[in-house]
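Turn these sequences into a full structure, and let the hints guide you.
Quick note, the sequences are listed as chains A and B, same order. No gaps in the numbering here: position 141 of the first sequence is 140 in numbering that gives the first Met the number 0, and each next residue is one more. No gaps in the numbering here: position 6 of the second sequence is 5 in numbering that gives the first Met the number 0, and each next residue is one more.
One should not assume that every hint holds.
[Stated by the list, open to error] Sample of chain B residues facing chain A (criterion: CB under 8 Å; computed from the structure):
no.	residue
1	V28
2	T33
3	P44
4	F75
5	A76
6	R90
7	G107
8	V126
Simulated from the structure, these hints should not be mistaken for lab results. Even glycine gets a Cβ: it sits at the ideal position worked out from N, Cα and C.
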Amino acid sequence: MFLRRDSLGEMFREMNRLHDVGRFFQRPNPFAAGAIPLVNVWEDEHTVYAETDLPGVDVASLDVSVTEGNRLAIVGERKPMDIAGGAWRRQERGSGTFQRTLTLPTLVDPNQVTAKYDSGVLRITLPKAEAAKPRRIPVIV
Amino acid sequence: MSNTQVQKADTGELTAAEADRGFIQTPRVDIIETEQELMVFADLPGVKQDAVDIRFERGELTLHARRTVETPSGGFAHSEFSGGDYFRSFRVSDRIDASKITAELKHGVLALKLPKVEAAKPQRIAVTCA
Numbered sequence: 000m001f002l003r004r005d006s007l008g009e010m011f012r013e014m015n016r017l018h019d020v021g022r023f024f025q026r027p028n029p030f031a032a033g034a035i036p037l038v039n040v041w042e043d044e045h046t047v048y049a050e051t052d053l054p055g056v057d058v059a060s061l062d063v064s065v066t067e068g069n070r071l072a073i074v075g076e077r078k079p080m081d082i083a084g085g086a087w088r089r090q091e092r093g094s095g096t097f098q099r100t101l102t103l104p105t106l107v108d109p110n111q112v113t114a115k116y117d118s119g120v121l122r123i124t125l126p127k128a129e130a131a132k133p134r135r136i137p138v139i140v
Numbered sequence: 000m001s002n003t004q005v006q007k008a009d010t011g012e013l014t015a016a017e018a019d020r021g022f023i024q025t026p027r028v029d030i031i032e033t034e035q036e037l038m039v040f041a042d043l044p045g046v047k048q049d050a051v052d053i054r055f056e057r058g059e060l061t062l063h064a065r066r067t068v069e070t071p072s073g074g075f076a077h078s079e080f081s082g083g084d085y086f087r088s089f090r091v092s093d094r095i096d097a098s099k100i101t102a103e104l105k106h107g108v109l110a111l112k113l114p115k116v117e118a119a120k121p122q123r124i125a126v127t128c129a
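Here's what the structure looks like:
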């Protein structure tokens, strides 16, 4: 394979025409060394939801667990690209294992947790533990 | 996954409506070159197939993808990222056969294949013995 080193410069050049640079941003890469996936957490009356961007991960490697009722752990791996005979011209996406642990706002029922992976986004649904659900106390007059 | 249409358009610029959608993220890309083609992989988590717009015009490849992250009615208990569309643009040499560009979106990763024109592929010359 004899590919010229400057081939990308000739064949594929990034456009630097961003008129309003301030509106463009890049999030930290969850697949960079030492980085963690960023998570959004929200809740309604009965359920806590957690969502994280994990594009192109090996679905079989995803492992979601809850310990102590409110410690959520997400573990997984993105396999390195197989470039078989090709040459890198730009390498930004990264690969490898990742791990994230966070404390949920309330206790959840670990037996009822479900996780769905869609379009590179992992959404975890965590029904609240009975003890954490709001209880109406009748007021006796 | 079926191929996403690569369409020609009048301009690769963001329209006012697109620009109104707030923050725009620069997707991370891997670019790999083989003898036959250039392959571009872009991380586009949360993007559905019909929300990707790839345009090629006057040697410029533009990638624009719409993503909506709904804010829950009660707000986030804990928020580390926000939504935002994805935009990135490259100038591509005329050694790419634009009519044969293909795109595929799987698990939030867009895979673009840009085949080289025949003249740009390496030719093997057989050496014969006189």
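Hint check:
The interface hint given for V28(B) is met, as the beta carbon of that residue sits about 6 Å from the closest beta carbon of chain A, less than 8 Å. A hinted interface residue such as T33(B) counts as satisfied when its beta carbon comes closer than 8 Å to some beta carbon of chain A; here the least separation is about 4 Å, so the hint holds. Annotation: P44(B) was flagged as interfacial toward chain A, and the flag holds, the nearest CB pair being 4 Å apart, inside 8 Å. For F75(B), the suggested interface contact is upheld, since its CB lies about 5 Å from the closest CB of chain A, less than 8 Å.
Given hint, A76(B) at the interface with chain A, holds; its Cβ is 5 Å from that chain's nearest Cβ, closer than 8 Å. Hint status for R90(B): holds, given a least beta-carbon distance of 4 Å to chain A, under 8 Å. Restraint check, G107(B) versus chain A: the minimum CB separation of about 2 Å is within 8 Å; hint holds. Residue-level restraint check for V126(B) is violated (minimum Cβ-Cβ distance to chain A is 16 Å; threshold 8 Å).
In summary, the one numbered hint that this structure violates is 8.
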